[in-house]
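Chain order of the listed sequences is A and B.
So the first sequence is numbered by the working numbering: it starts at 12 and just counts up by one.
So the second sequence is numbered by the working numbering: it starts at 223 and just counts up by one.
It is worth saying that the hints were derived from the structure and are not from the lab.
Here's a subset of chain A near chain B, in silico, CB distances under 10 Å, partners left out: (1) Asn56; (2) Met62; (3) Asn66; (4) Glu86; (5) Lys98.
Residues on chain B that point at chain A, a partial pick, calculated with CB under 10 Å: (6) Ile244; (7) Met250; (8) Asn254; (9) Asp263; (10) Tyr264; (11) Tyr267; (12) Gly286; (13) Arg440; (14) Ser509; (15) Phe512.
Computed list of lysine-lysine pairs in DSSO-like fashion (alpha-carbon distance at most 30 Å, straight line): (16) A:Lys118 / A:Lys31; (17) B:Lys516 / A:Lys159; (18) A:Lys36 / B:Lys325.
Since the structure is predicted, the reported quantities are computational estimates derived from the model, not experimental observations.
Even for Gly, the Cβ is constructed at its ideal location relative to N, Cα and C.
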Amino acid sequence: MKKSLFIAAMLISLASFSQKVYSTKSGQISFNASSPIEKIKGINNQADSKMIDKNGQIVFMLLIKSFKFENQLMEDHFNENYMESTKFPKADFKGFITNISSVDFTKDGKYPVTADGTLTLHGVSKKVQPTGVITITNGKISLNSSFKIALKDYNVTGSYIGSKIASDVEINVQCKYE
Amino acid sequence: MKKLIIALSCLLIQSSLHAQDIDLFKDMDEQNKKETKDKTDYAAYTFKTTRLTNGHTIENVGKGILDFRINHRFGRVNQGAYNLFGLDNASMRMALDYGITDKLMVGIGRSTFEKQFDGFVKYKLLRQSSGKKHMPISLSYVATGILKTLKDPDPTITKNFTDRLYFAHQLLIARKFNDYTSIQLMPTIVHYNIVPTANDPNDLFSLGIGARQRISKRVNLTGEYYYQFNKLSGYYNSFSVGFDIETGGHVFQLHFTNSTGMTERTFITETTGQWGKGDIHFGFNISRVFTIVKPKEFKEKW
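Please work from the sequences and hints to get the whole structure.
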C-alpha cells in the first residue's frame with residue numbers, strides 16, 4: 012500500500028515535471044503589405060515567443076520599432092504615421108493551439124496546427140485563428156504560420172491604404188524554439 | 223514510515239508544482255511591465271528630414287542610405303511680375319549625403335551660387351531618451367568645408383586654393399517635446415580664411431534656432447533663424463519658414479527665405495535679403511533616398 016502510494020506520487024510529480032515550456036527570443040515575424048505599385052515588406056527578427064507543450068498555450072510579443080525595411084523612409088512612415096509606435100510600442104498574441112494533442116513532441120515530423128487567440132496591434136485586440144505547421148526535427152521544434160489581417164480591423168488608417176499599401180496584410184511567422 | 227514521508231513530500235512538491243502551473247499570459251504581462259521599467263526609449267523623428275530649410279537638423283540618414291538632394295531657390299518675390307516674382311531666376315544646390323553608420327553621416331554638394339563645392343561630416347554625440355537612461359536632449363556636431371570657385375571680378379587678383387576655403391562648425395542641440403513640437407539650437411562658428419576687408423573678423427559667431435510643428439499627419443511647419451553676434455557689414459540675419467510635406471518615397475520641403483545661398487557661409491553670414499523689403503525667395507528641397515547597403519534582414523532571400 013505504502014509502496015504503491017509512493018510510486019503513484021512519483022509518477023504524478025514526474026508527469027507535472029514533463030510540462031515543458033519552449034521559448035525563443037529571436038523569432039522572425041514579417042509582414043507583406045505590397046501592392047502592385049509598391050513593394051512593402053517589414054521583418055522583425057526579435058520576436059519573443061513561448062509555448063507549452065501540454066496545453067498548447069502560446070504567446071508572441073514584439074516591438075513595432077524593431078521592424079526593418081529596405082527603405083528607411085518607409086520605416087519612418089510605418090512607425091510614425093501608421094503604427095504610431097511611440098503610442099503603441101508593442102504587438103502581442105495570446106492564445107492556445109487547439110489541436111496540440113495531435114503533436115507528438117518526441118517524434119520527428121510535420122504537424123498542422125490551428126491556434127485560437129487574441130492579436131493586439133495598434134492598441135486594438137481582435138480574435139484571430141491562424142493556422143500553421145509545427146515541425147520537429149531531431150527534437151528541435153519550429154513553427155511556421157502565415158495569415159492575413161485587415162488593417163481597418165486594427166484602426167490603422169492612411170490615404171495610401173488600399174492603393175499603394177495593401178488593405179489586407181499577410182503576416183508570416185517563423186520561430187525556432189529551444 | 224520513511225517511505226510514507228518521502229511519498230508525502232513528493233505529493234507536496236507535486237501539488238506545489240501544480241499550484242505554480244505556468245501561465246504564459248500572466249508571464250508575458252509581468253515581463254511587459256518589467257521591460258517597460260528598465261527600457262530606454264530613444265526619441266525618434268525629432269525632425270522629418272536632415273535639413274530644416276538650409277541648415278542641418280540632428281537627424282541623420284540611416285546606415286547604408288544614399289540621399290540625393292536638390293535644393294532650389296528662386297529669385298526675390300519683390301522682383302515683380304516682369305520676372306514672375308522671382309521665378310525666372312534660380313539658384314540650386316545638388317548634393318549627395320550618405321550614412322556610414324547610424325551615427326555618422328557625410329555629404330558633398332555643389333551650388334550654382336558662387337560656384338561653391340562643399341562637404342560635411344555630421345556625428346550624433348547624444349540621443350534624447352527617457353526610461354532607464356534619461357537624456358533630455360539630442361546633440362550632434364557638424365563640420366562643413368566650403369570651396370568657392372567663382373573667379374574674382376578683378377582679374378589681377380590671384381587667389382590661392384586656401385584663400386577660397388571657408389569652414390563652419392555647428393553644435394546642434396535638439397529636444398522633441400512631443401509628437402508635434404521639436405526645437406533645436408545651433409551655436410555656430412563660421413571661419414573665413416580670407417575676409418572681404420582687413421577690419422572684418424575671421425571668425426563669425428552666431429546662434430541659430432529651429433523648430434518643427436506638426437500640423438497634420440503629413441505636413442509639418444518648420445522655421446529657422448540665425449542671430450549673428452558679430453557680422454560682416456552689409457549682411458543680415460537669415461530667416462526661413464516652410465512646410466515639410468511627406469509624399470510616398472520622399473520628403474518635399476517648400477519654403478520662403480531671405481537667403482540666396484545654401485551653404486553655411488552663404489546663408490548664415492552672407493544673407494543679403496531683408497524680409498521687411500520683400501527680398502524673399504521661394505524655394506524647395508527635394509530628397510530621394512536610395513538603399514545602398516541593405517539592412518541585414520534583407521540580405522538573404524526570404
